[in-house]
Amino acid sequence: MTDTASQSASPATTPTAPPSRLREFWSSFKENRGAVVGLFVFLAFLLVAALAPILAPYAPDAQYRDALLVPPFWQDGGSTRFLLGTDALGRDLLSRLIYGARFSFFIGVLVVTIATTCGVLLGVIAGFAPRIIDTLIMRLMDIVLSFPSLLLALVLVAILGPSLLNAMIAIAVVLQPHFVRLTRAAVLSERSKDYVTAARIAGGRPLRIMFKTVLPNCLAPIIVQAALSFSTAVLDTAALGFLGMGAQPPTPEWGTMLAEAREFILRAWWVVTFPGLCILITVLAINLMGDGLRDALDPKLKRS
Amino acid sequence: MSLLEIRNLSVDFATSSGQFRAVDGVDVTVDEGDLLAIVGESGSGKSVSMLALMGLLPWTATVTADKMEFDGHDLRRLSGRARRRIIGRDISMIFQEPMSSLNPAFTVGWQIKESLRKHTSLSRSQRQDRAVELMRQVGIPAPEKRLSAYPHQLSGGMSQRAMIAIALACRPKLLIADEPTTALDVTIQAQILELLTGLQEDTGMAMVLITHDMGVVAETVERVQVQYAGQRVELQEVQGLFDDPHHPYTAALLAALPERATERKLPTIPGVVPGQFDRPAGCLFSPRCQFADARCKAERPVPAGPAMGHALCHYPLSHGHPTGKETAA
Amino acid sequence: MSAPVLTASNLKRHYEVKGGFMQPAATLRALDGASFTLTPGKTLAVVGESGSGKSTLARVVTMIEPPTEGELVIGGKKIGPEGASRDRDLRAMVQIVFQDPYGSLNPRQTIGQTLMEPLLLNRPEIDRKERDRRARDMLSMVGLRPEHFDRYPHMFSGGQRQRVAVARALMLEPKILVLDEPVSALDLSIQSQVLNLLMDIQERMDLAYLFISHDLSVVRHIADEVMVIYLGEPVEMGPKDVIFDAPRHPYTKALMSATPMADPSDRKERIKLEGELPSPMAKPEGCPFNPRCWRRQEICLSVEPELQGGNPAGGGHCFACHNPVPEDETAAA
Numbered sequence: 001m002t003d004t005a006s007q008s009a010s011p012a013t014t015p016t017a018p019p020s021r022l023r024e025f026w027s028s029f030k031e032n033r034g035a036v037v038g039l040f041v042f043l044a045f046l047l048v049a050a051l052a053p054i055l056a057p058y059a060p061d062a063q064y065r066d067a068l069l070v071p072p073f074w075q076d077g078g079s080t081r082f083l084l085g086t087d088a089l090g091r092d093l094l095s096r097l098i099y100g101a102r103f104s105f106f107i108g109v110l111v112v113t114i115a116t117t118c119g120v121l122l123g124v125i126a127g128f129a130p131r132i133i134d135t136l137i138m139r140l141m142d143i144v145l146s147f148p149s150l151l152l153a154l155v156l157v158a159i160l161g162p163s164l165l166n167a168m169i170a171i172a173v174v175l176q177p178h179f180v181r182l183t184r185a186a187v188l189s190e191r192s193k194d195y196v197t198a199a200r201i202a203g204g205r206p207l208r209i210m211f212k213t214v215l216p217n218c219l220a221p222i223i224v225q226a227a228l229s230f231s232t233a234v235l236d237t238a239a240l241g242f243l244g245m246g247a248q249p250p251t252p253e254w255g256t257m258l259a260e261a262r263e264f265i266l267r268a269w270w271v272v273t274f275p276g277l278c279i280l281i282t283v284l285a286i287n288l289m290g291d292g293l294r295d296a297l298d299p300k301l302k303r304s
Numbered sequence: 001m002s003l004l005e006i007r008n009l010s011v012d013f014a015t016s017s018g019q020f021r022a023v024d025g026v027d028v029t030v031d032e033g034d035l036l037a038i039v040g041e042s043g044s045g046k047s048v049s050m051l052a053l054m055g056l057l058p059w060t061a062t063v064t065a066d067k068m069e070f071d072g073h074d075l076r077r078l079s080g081r082a083r084r085r086i087i088g089r090d091i092s093m094i095f096q097e098p099m100s101s102l103n104p105a106f107t108v109g110w111q112i113k114e115s116l117r118k119h120t121s122l123s124r125s126q127r128q129d130r131a132v133e134l135m136r137q138v139g140i141p142a143p144e145k146r147l148s149a150y151p152h153q154l155s156g157g158m159s160q161r162a163m164i165a166i167a168l169a170c171r172p173k174l175l176i177a178d179e180p181t182t183a184l185d186v187t188i189q190a191q192i193l194e195l196l197t198g199l200q201e202d203t204g205m206a207m208v209l210i211t212h213d214m215g216v217v218a219e220t221v222e223r224v225q226v227q228y229a230g231q232r233v234e235l236q237e238v239q240g241l242f243d244d245p246h247h248p249y250t251a252a253l254l255a256a257l258p259e260r261a262t263e264r265k266l267p268t269i270p271g272v273v274p275g276q277f278d279r280p281a282g283c284l285f286s287p288r289c290q291f292a293d294a295r296c297k298a299e300r301p302v303p304a305g306p307a308m309g310h311a312l313c314h315y316p317l318s319h320g321h322p323t324g325k326e327t328a329a
Numbered sequence: 001m002s003a004p005v006l007t008a009s010n011l012k013r014h015y016e017v018k019g020g021f022m023q024p025a026a027t028l029r030a031l032d033g034a035s036f037t038l039t040p041g042k043t044l045a046v047v048g049e050s051g052s053g054k055s056t057l058a059r060v061v062t063m064i065e066p067p068t069e070g071e072l073v074i075g076g077k078k079i080g081p082e083g084a085s086r087d088r089d090l091r092a093m094v095q096i097v098f099q100d101p102y103g104s105l106n107p108r109q110t111i112g113q114t115l116m117e118p119l120l121l122n123r124p125e126i127d128r129k130e131r132d133r134r135a136r137d138m139l140s141m142v143g144l145r146p147e148h149f150d151r152y153p154h155m156f157s158g159g160q161r162q163r164v165a166v167a168r169a170l171m172l173e174p175k176i177l178v179l180d181e182p183v184s185a186l187d188l189s190i191q192s193q194v195l196n197l198l199m200d201i202q203e204r205m206d207l208a209y210l211f212i213s214h215d216l217s218v219v220r221h222i223a224d225e226v227m228v229i230y231l232g233e234p235v236e237m238g239p240k241d242v243i244f245d246a247p248r249h250p251y252t253k254a255l256m257s258a259t260p261m262a263d264p265s266d267r268k269e270r271i272k273l274e275g276e277l278p279s280p281m282a283k284p285e286g287c288p289f290n291p292r293c294w295r296r297q298e299i300c301l302s303v304e305p306e307l308q309g310g311n312p313a314g315g316g317h318c319f320a321c322h323n324p325v326p327e328d329e330t331a332a333a
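Each protein sequence line maps, in turn, to chains A, B and C. FYI, the numbering for the first sequence is 1 to 304, going by full-length UniProt numbering. FYI, the numbering for the second sequence is 1 to 329, going by full-length UniProt numbering. FYI, the numbering for the third sequence is 1 to 333, going by full-length UniProt numbering.
Hints listed in this document are in silico derivations from the structure and should not be mistaken for laboratory results. Be aware that a few hints might be false.
[To be verified] Think about it this way: if two alpha-carbon atoms lie no more than 16 angstroms apart in a straight line, the pair counts; the simulated EDC-like pairs of lysine to aspartate or glutamate are:
no., chain 1, residue 1, chain 2, residue 2
1, C, 272, B, 194
2, C, 240, C, 263
3, A, 193, C, 100
4, C, 77, C, 87
5, B, 265, C, 224
6, C, 240, B, 259
7, C, 12, C, 71
8, B, 67, B, 5
9, B, 265, C, 200
10, C, 283, C, 16
11, B, 265, C, 203
12, C, 12, C, 69
13, C, 12, C, 65
[What the hints assert, rightly or not] Pair ranges (Cβ atoms, derived):
no., chain 1, residue 1, chain 2, residue 2, range
14, B, 32, C, 151, 46 to 52 angstroms
15, A, 30, C, 66, 39 to 45 angstroms
16, C, 147, A, 165, 49 to 55 angstroms
[Stated by the list, open to error] Okay, the calculated bits of chain C under chain B, using three or more residues with CB under 8 angstroms as the criterion:
no., stretch
17, 189-197
18, 206-217
19, 253-262
What you are looking at is a predicted structure, and each value in this text was computed from that prediction instead of being measured. Don't be surprised by glycine CBs; every beta carbon is placed ideally from N, CA and C.
Same shape as in the complex, but just chain A (with noise of 0.2 angstroms):
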């Protein structure tokens, strides 16, 4: 009854184990070529961000006041002095930049994770608990879904008064009843099964059922959501910034720069071109990998 003892003899197998999960997991993401290069990029991303201080040639917001709205380097009247040029109050567009990473890096994690823990923490609740509440939970997240989601953002800053931190709770808000959709899409479809029912035989309280057994089966979907949601949460946290509901400057946070920089549109390209710029990249490098993230951890897409 030995069930592959007799097998393991033969020396002609040359691979001899399946392949981890882990490993399984890197050799589709890397095929989808956009997702790699996505990953690379937003990796230098978070380098940047977090070497800021190392990287950038001045304090973000030192003022130079002999050299107002510097072009860059490569134009006429520009310097090495500042690469990217200045802006009108004379600060280093590169370190500004630079340093803007590091909000939006900020901003991306602190509202992925408020919106992730809640969405998933209502998404489970939906899905285990009785009719009622679950109706209740769901209909919630329809009426918060049904508006545009910048504009019931905008509502709640207003409410809360601009400021970034608040700018975040509010696209959080807006974000969320994503996760709780699909968190309660992955929890019906996981509590039917079989192991469930034995780990309730077996003894197992709700909420270990819920949290301990069910969860981490839900995972996969729920974690390229968040990683999608990232690259929303920078773009909606640039959106308020601009409209000025976001940061307030003068921290260097790529959308407010951008607002700030309105008016210069016609004389110096340079002061709205390169934040938008730095938005554009982050924000596509991330739903490049988010869609590699997708086609690897969700088997239903798999192919072959």
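With chain A fixed as given, assemble chains B and C onto it according to the hints.
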């Protein structure tokens, strides 16, 4: 001439951890009006070989064959369009899950008529008549009414009947039934098997029945092809196969049937079917075979003659004893 | 004969099905009056088609759901419609093995964790080391190797997973094992290994089995007694040999006849049942089998037959039919 002739068919799948050979040098010959069963456990490549014939494998699969001829057409050389003209009209297939093989968005009638629209030049009213006739042929009561039913309104048995009606719409020369009754209850299974064999007799078409159920094989078909780990290990008349299996795998499989057991403890086949990572060098069955010796573990066997059921074995069995070994068995 | 470890009397389980738009609510009678006993060391097989209430029976016996009516007595404790208490010892007495070995193991738990979980939850007095030891012992008992302990389920074949599922069910040293189609998802060559394991364990641990299956050849091999169930109601019950050799209920006989035998020389004329299992929400008047029965009479359409014949608890043979298959006729088939 045979209706279908496949020589040395192999199918490889590209997986993230290397090539995986699902079908390994399989021959299939089907004559007109033939009734052949392909038997095997999961992983024996029985479905994959037929899907390869139909051209229904995903892009990760590589199909190679020395010969692949259906009714005089070389299927390897045909363009996609020419191939589609044959498949669905002259060869059709029914699947294991009747509930999921019908498109839930369209009525059963629409799905039957679609096949007629694609492959025949019948007019609208002729198609309607043919659809009703087909529904009656497969034993669906009140066919005119059921034509406008959606798949979710039919039970499992009825859905399978509707699938058979679709498969028969263009009077195929060959019907491939892939585990047609596995998802059904025994009483419904008996109905469907009877329907299939009856239709096969009436229309004179050839049928390939893919199954894992030895009971279904014994009661339904004439010839049996046994597959193991992607290879054909035996081909025999049904009576001969059950009386005197020539391949040790077939013999062990039959012995493991509870209804053939003589004692309470069932005879077993130790181990499992080799997977991608533990394919033995010699005979693929050697790690689990009670007769295997050093030669079996090192050398790949070649098929024996027709008298020995084409058994893919160095020492094919005769009445339970291996033949051809120098040392006394 | 030893005393029964479980007695079920007139077990019923109904579900209220909410009506859709403009449709009234309906009652789904998934299980409609089953009485039986389980004895240590013996196997009661429950046979029926899908939708006959076999799996509902399994859920009621394992106390996942309370019966709507009737009662279960397990080891002297009563479980009625009010449901089972969270009594650890009672729950530990009945364990289950599911059909699908791929869905019944938590993909995020190693085999070791899966095996230790029941002990962790129910026997807090056992310490870590002892838990580990017992789980490893159980692993070897079901024929798996020690290095399998730290692996995840996706690295195992169906047969090996089913062994793990059996091992998990045995961790709490139950008296009753409910086997819900334990081998029907397995390949033939693996099926016999698992059946041998189950028979071996039953002998060693003196377990009572409730073996649910639709495969009559497996049932014939493993069962001591057989209960045939149709639309939630037992229609025939008795010792295995009697049921297989001389069935009296037409449904039992049709079921036997429809089962293909692996013997090409004996291609018999089958009794062909017409139609399919009706929905348990719209059970026919009278005998539930009457729309498909070939021995139907006037009375079958209006009066529901009661189980008659010997006492099933005492190993007798009984069946619910107004016009049973005559005894001499059954012997011939």
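request  = Against the earlier hints, flag every one the structure doesn't satisfy and list their numbers going up.
outcome  = 2 and 15
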